[in-house]
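Spelled out, the chains give:
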Amino acid sequence: MIRQDFHRVDPKRRATLDHKKKQFAAPTFKQQDYPHRLNFYEIPPTEEITLEQFEQWAIDRLKILAEIEACSYRNKSPAETEAHIAPLLQKFLPLSANTSSSNGAADQRLKNERQKDHYSHFILRLAFSATEELRRRFARAETMLFRFRFQRDDTREKRAFVESLNLDWEPVDDGERQQISEHLLGATPGLRRVDEETWYKVDWEKVPELVERRTVFLSKGKAYVPGREQVSMIIAEFTARLERALELTSRALPRLDEDDRLTPILNHMSKNFGSAESVYSEGEGFVDGAPITANNIDRLSQHFPLCMRSLHMNLRKNNHLKHYGRLQYTLFLKGIGLSLEECIVFWRQGFKGFTDDEFNSRYKYNIRHAYGDVGGDQNRRGRGYPPYSCQKILNDSNPGVGQSHGCPYRHFSVDNLVGLLQSTGVNDRDVLRGVREDVEKTRFHIACNRVFEWSHKADIKRVKEDGTWNQTDLDTIVHPNTYFKRSYLLKQMGKPPTNT
Amino acid sequence: MPHSISSQDSAVNRNDDEILPDAPPAETVSQNQEPSASENEASGVKLEDLFNDDDDDEYPASSATDTKNVDFSAPEPAAAPGPQVDTETMLAFYQRLFPFRYLFQWLNHGIVPSPDFGNREFALTLQNDAYLRYQSYATADLFRKDILRMNPSRFEIGPVYNTNPRDRKTLRGGQMKPISKELVFDIDLTDYDDIRSCCTKANICGKCWAFVTMAMKVVDTALREDFGFQHILWVYSGRRGAHAWVCDPRARSLPDDRRRAIAGYLDVVRGGNSSGKRINLKRPLHPHMSRSLDILKPYFAQTTLVDQDTFVGFEQAQRLLSLLPDKNLNESLRKKWESAPDRTSASKWADIDALAKTGKSSTLNPTTLRDAKQDIVLEYTYPRLDSEVSKKMIHLLKSPFVIHPGTGRICVPIDPRKAELFDPLSVPTVTELLAEIDAWDAEHPPTNAGAEAADGEGSVPESDARGSRRLQDYEKTSLKPYIDYFRSFIAALLKEDRTPKRERNEDAPEVKSESMEF
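Top line first, the protein sequences correspond to chains P and B.
If you read the first sequence in my numbering, its first letter stands for residue 1, the second for the next number, and so on.
If you read the second sequence in my numbering, its first letter stands for residue 1, the second for the next number, and so on.
One thing to keep in mind: the hints can contain errors.
Here are the simulated EDC-like pairs of lysine to aspartate or glutamate, each with C-alpha atoms no more than 16 Å apart in a straight line [to be verified]: (1) Lys491/P x Asp430/P; (2) Lys373/B x Asp342/B; (3) Lys277/B x Glu209/P; (4) Lys177/B x Glu133/P; (5) Lys207/B x Asp351/B; (6) Lys392/B x Asp415/P; (7) Lys391/B x Glu453/P; (8) Lys391/B x Asp415/P; (9) Lys322/P x Asp193/B; (10) Lys391/B x Glu209/P.
Since the hints were derived computationally from the structure, they do not count as laboratory data.
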């Protein structure tokens with residue numbers, strides 16, 4: 001502190017640097033008049049609002065974001081998410097287009113809606129900038145909300161909004177377009193004629209989604225983007241700016257520390273941003289009294305979901321699994337309650353053809369690491385990693401050549417998937433047809449649940465009838481360990497899964 | 001904090017101290033820090049096998065996993081000269097041949113030591129297989145000195161952090177962040193095991209190296225033409241693969257999601273063993289795909305159909321059939337091939353068109369067949385990248401010019417313009433190189449032996465008192481062309497990195513040598 005004082009500028013000359021002076025003396029900000037429905041949230045709010053408003057607006061927005069997150073954890077498609085969110089948005093956070101009012105953007109109702117949207121966004125920024133994890137989740141949910149609204153906006157307003165952003169996109173002139181027309185046609189799916197689009201030249205870093213899917217023409221580091229792909233660019237821009245802003249907010253956050261009105265509200269909110277990601281709590285997959293030992297795995301594997309069964313079968317077939325396969329399976333076994341010692345025994349027996357030395361030096365450490373027995377402090381404290389959820393297994397990278405991890409519904413070809421299902425005893429034609437349809441619509445978890453329901457048909461009917469299990473006990477399965485537990489309990493006695 | 005590592009290598013230390021008597025005092029401090037920095041060395045654990053952990057920056061290097069598997073699997077190929085490089089040889093190599101100064105210039109992007117080098121993570125694999133992460137060095141001298149002291153069997157290069165990686169314990173969790181690293185790619189022949197018939201596991205021959213050559217061509221072209229990168233260093237991985245280091249400033253600062261985008265752009269062969277047809281491309285082909293197809297077609301004709309004779313066996317022929325779209329055509333092909341079991345791949349491939357033309361199948365659509373054939377060409381030749389390596393900034397990758405401990409070969413750079421001339425089996429091994437120095441020295445007896453015997457630093461050129469430049473050790477060996485190529489690569493890179501006011505990249509090494517005088 002003292003040393004800082006030494007560097008201080010004479011207070012009188014500092015006037016233009018002082019943030020308070022800058023904020024209040026000569027307002028460089030202007031009162032926002034919200035000409036557009038959408039907002040890039042560049043300028044922070046400056047008007048006064050009441051504490052009640054502060055809290056209420058934030059909570060309303062939080063509800064929306066939490067729902068959006070929940071949808072993504074349940075693997076809902078964008079269309080399903082949209083259908084789910086639309087009524088909620090109308091209720092908690094309406095945001096109407098200019099055309100909805102005769103006065104256009106000047107209408108007070110529209111102004112109020114937009115103000116609420118604007119302010120609540122910034123309040124939540126404060127609440128969710130504290131940790132990396134919160135920032136990431138907040139940015140993701142906000143991006144989805146923005147995308148959702150952007151796509152629903154009407155064309156004219158959308159264009160006006162985009163123009164107001166001043167993004168540096170260089171239009172491609174006609175001559176160049178003719179020259180590369182063949183490439184443009186090849187690179188852009190669903191395009192018939194090159195001249196029906198306006199094209200922009202942007203740095204490829206701006207459109208990573210398009211690059212990753214290989215749906216844009218690249219040349220010398222520039223991406224040639226058709227006008228209709230501007231959604232992708234704008235969203236990338238939105239996310240990038242939001243992430244940067246959140247980073248800055250987090251650095252400014254300590255200044256709030258002494259404020260005893262806002263800080264409790266903010267803390268409360270960030271805690272209540274229910275992390276659906278951690279729906280799986282430790283020990284949840286455990287089944288009391290189940291004899292879970294290395295020698296029993298073969299027998300128990302009939303209760304495993306297809307991803308784990310496929311790993312198990314591969315292990316038995318090849319006496320080996322590659323790294324990510326081992327990881328996925330080890331964590332699952334940990335989740336069903338296999339102890340570390342038993343788990344090591346299990347893998348040791350599974351890896352026939354390896355000497356003890358080879359096994360110990362190459363594989364044992366990984367298993368211990370997954371259980372949090374070794375590794376950095378952080379890993380030990382968290383007792384290794386949690387078992388993978390369906391979400392994680394579905395979204396993680398595709399299995400490569402020779403690998404067998406992942407979700408069969410997603411990563412196998414349909415024929416191989418059906419073959420695998422039949423080899424596990426699923427041979428009902430209706431079920432298989434249903435699975436094919438689900439997979440086609442990329443509803444992998446539904447396919448998995450369909451198989452589960454079919455193979456436990458009788459038991460499910462029984463527990464429903466005698467009322468020992470209620471509807472929530474039979475909710476959609478979104479975690480391999482839940483699959484095992486439910487399957488095991490159903491086959492055993494139809495005991496409700498909540499009493500462990 | 002005394003530790004087994006330093007005491008074990010004390011013999012080495014003594015030796016080294018004689019060479020560099022006036023080591024900067026800072027060195028002692030850093031030496032003491034190292035043992036404490038390596039949490040896992042006591043148990044002899046390989047960190048590269050650790051699991052991925054999202055919020056832990058100790059990310060494993062999957063490339064390292066690969067090379068390590070090599071060390072364990074299978075006996076050495078007969079071609080490999082010395083199965084294990086002993087520690088003496090290793091040390092002699094670091095002392096006399098390893099181009100520390102050029103490696104420094106390459107990573108430092110300039111002559112004056114900068115954070116680009118100082119905050120760069122190095123990870124050392126010691127002779128006892130302990131793995132030291134988060135090593136960093138302020139200058140080329142300190143770097144060289146520490147490598148000589150530790151005498152690692154190999155070392156890897158990580159990202160540049162926002163702070164010195166050695167200080168990470170003094171920071172609160174999550175404060176240390178990677179800020180830049182070269183964009184890297186890893187091609188490994190093990191990923192081709194299902195389609196190469198000549199060798200398996202760690203072994204390679206000229207025939208299967210062709211897979212790496214074609215992969216390099218495709219990736220190199222795409223990176224240059226599509227992404228506009230210019231400074232791409234290809235390095236032989238020492239046994240059966242190659243690494244690419246994209247060093248353009250724009251590539252170095254890419255965040256992880258952009259890296260993932262490039263990896264996804266280049267990654268075409270997807271799906272594990274059970275995914276069926278691994279390539280399903282939309283038509284019309286993306287320009288990158290049609291260009292790659294043009295590059296790969298001749299390789300398919302030569303490597304897949306002739307050298308590997310991939311489809312000669314029953315199972316592979318079955319697989320070929322399963323990739324073709326038309327049932328009737330498949331049936332007639334199957335019959336034909338069953339009657340002639342030894343039919344070569346080239347004839348089988350020609351049969352497809354021949355039978356299709358005779359019009360035996362009424363349902364056959366020529367376009368679908370052409371597309372399927374294109375997909376097959378790609379499935380059997382398109383680069384199979386280990387894309388995890390490229391996706392994360394914090395991935396470690398083996399440094400160029402280290403010795404592959406299994407083969408003894410040097411990880412030399414490959415000039416992509418002459419990729420097809422590169423023969424991995426003629427890459428010099430460390431023992432050959434040391435023998436070459438001895439042979440040269442024997443031919444050219446030193447004029448005043450006493451003066452020159454004292455100093456033996458390989459990479460530090462010295463002008464002796466008479467003003468004529470004494471030859472460096474590497475110049476006496478077959479490593480010279482590789483180091484010369486590396487130098488020209490660095491020169492081009494520095495030219496771009498440097499602000500216009502400084503224009504002395506050509507004589508830069510000489511200038512540096514004076515400032516580095518010991």
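Measure nothing beyond the straight line between the CA atoms of lysine 207/B and aspartate 351/B; if it is 16 Å or shorter, mark the hint as holding.
24 Å, violated
Q. Holds or violated: lysine 277/B with glutamate 209/P, Cα cutoff 16 Å?
A. Violated, at about 24 Å.
Run the distance test for lysine 391/B versus glutamate 209/P: straight-line Cα separation, threshold 16 Å. OK: lysine 391/B and glutamate 209/P at ~14 Å, within 16 Å.
Restraint check for lysine 392/B with aspartate 415/P, where alpha carbons must lie at most 16 Å apart: 34 Å, violated
Restraint check for lysine 373/B with aspartate 342/B, where alpha carbons must lie at most 16 Å apart: 22 Å, violated
Does aspartate 415/P sit within 16 Å of lysine 391/B, going by the straight-line distance between their CA atoms? 31 Å, violated
>> Holds or violated: lysine 177/B and glutamate 133/P, Cα atoms, limit 16 Å.
In response: Distance of about 15 Å is within 16 Å: holds.
Please work out if lysine 491/P and aspartate 430/P have their alpha carbons no farther apart than 16 Å.
23 Å, violated
query: lysine 391/B and glutamate 453/P: Cα distance at most 16 Å?
result: Answer violated: lysine 391/B to glutamate 453/P is near 38 Å, above 16 Å.
- Does the alpha-carbon distance linking lysine 322/P and aspartate 193/B stay inside the 16 Å limit? 14 Å, holds
Hint compliance for this structure: hints 1, 2, 3, 5, 6, 7, 8 are broken, all remaining hints hold.
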